[in-house]
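Make a model of the complete structure from these sequences and hints.
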Amino acid sequence: AQKVTQAQTEISVVEKEDVTLDCVYETRDTTYYLFWYKQPPSGELVFLIRRNSFDEQNEISGRYSWNFQKSTSSFNFTITASQVVDSAVYFCALWGHSNYQLIWGAGTKLIIKP
Amino acid sequence: DVKVTQSSRYLVKRTGEKVFLECVQDMDHENMFWYRQDPGLGLRLIYFSYDVKMKEKGDIPEGYSVSREKKERFSLILESASTNQTSMYLCASSILRDRVFTEAFFGQGTRLTVV
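Quick note, the sequences are listed as chains S and W, same order.
So for the first sequence, this note's numbering puts the first residue at 1; every next one is plus one.
So for the second sequence, this note's numbering puts the first residue at 1; every next one is plus one.
Don't read these hints as lab results, they were simulated from the structure.
Treat each hint with caution, since some may be false.
[To be verified] For lysine-lysine, the following DSS-like pairs were computed, each having C-alpha atoms within a straight-line distance of at most 25 Å:
| id | chain 1 | residue 1 | chain 2 | residue 2 |
| --- | --- | --- | --- | --- |
| 1 | W | Lys18 | W | Lys70 |
| 2 | S | Lys38 | S | Lys113 |
| 3 | W | Lys55 | S | Lys3 |
| 4 | S | Lys70 | S | Lys3 |
| 5 | W | Lys18 | W | Lys71 |
| 6 | W | Lys70 | W | Lys3 |
| 7 | S | Lys38 | W | Lys3 |
| 8 | W | Lys57 | S | Lys3 |
What follows is the structure, encoded as structure tokens:
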């Protein structure tokens, strides 16, 4: 069975703090893809990143970085120097070859206080 | 830019009504999806379609049906709306490149309230 767990329901930090959102997944597929999406208050989900199972290099995009570790089945997302505009619900998702469906985590609500 | 447009942002319907949620995408994507989003449950797949007139059940298809008569349009139908179908509904489209899922593009969501 495939599963994505985002154990943090809600995180609240003060602006400029660093924050890490956790994502743990389960799959028996050897080839799979992991995604992060952002859902701001407006409601529309915005794609942030896709990572395939053969590429364990960490990725950095501006203040955003992702740490993929197959050994612990985790794909964590870190925001450095957080800003109020980062406030949103963040979803981690998994796609595997075996069922051609995206499996979603429950989401983490991130609140950045000024 | 890819655009996925849902016909309504907010909708209020009465129990027992037949409800149509419309979704249109402008990027010629083969795959389209309907999700339901509820607090603490993430996104749950209702139905998806990988081609015109093709449809597949997702995780929670009961009480719903879909229609895909044209490639760009994917409709979700609540045959007889019930209060437990009050939720946020999200439409998405994507392509499969070499049988690999790329990113999904989402509409802005329809918040449906059934009273």
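Against the structure, the hints:
1. W/Lys18 / W/Lys70: With a Cα-Cα distance of about 21 Å, the restraint between W/Lys18 and W/Lys70 holds, given a limit of 25 Å.
2. S/Lys38 / S/Lys113: Holds, because 18 Å separates the two Cα atoms, which is no more than 25 Å.
3. W/Lys55 / S/Lys3: OK: W/Lys55 and S/Lys3 at ~23 Å, within 25 Å.
4. S/Lys70 / S/Lys3: 15 Å, holds
5. W/Lys18 / W/Lys71: 23 Å, holds
6. W/Lys70 / W/Lys3: 16 Å, holds
7. S/Lys38 / W/Lys3: 17 Å, holds
8. W/Lys57 / S/Lys3: 19 Å, holds
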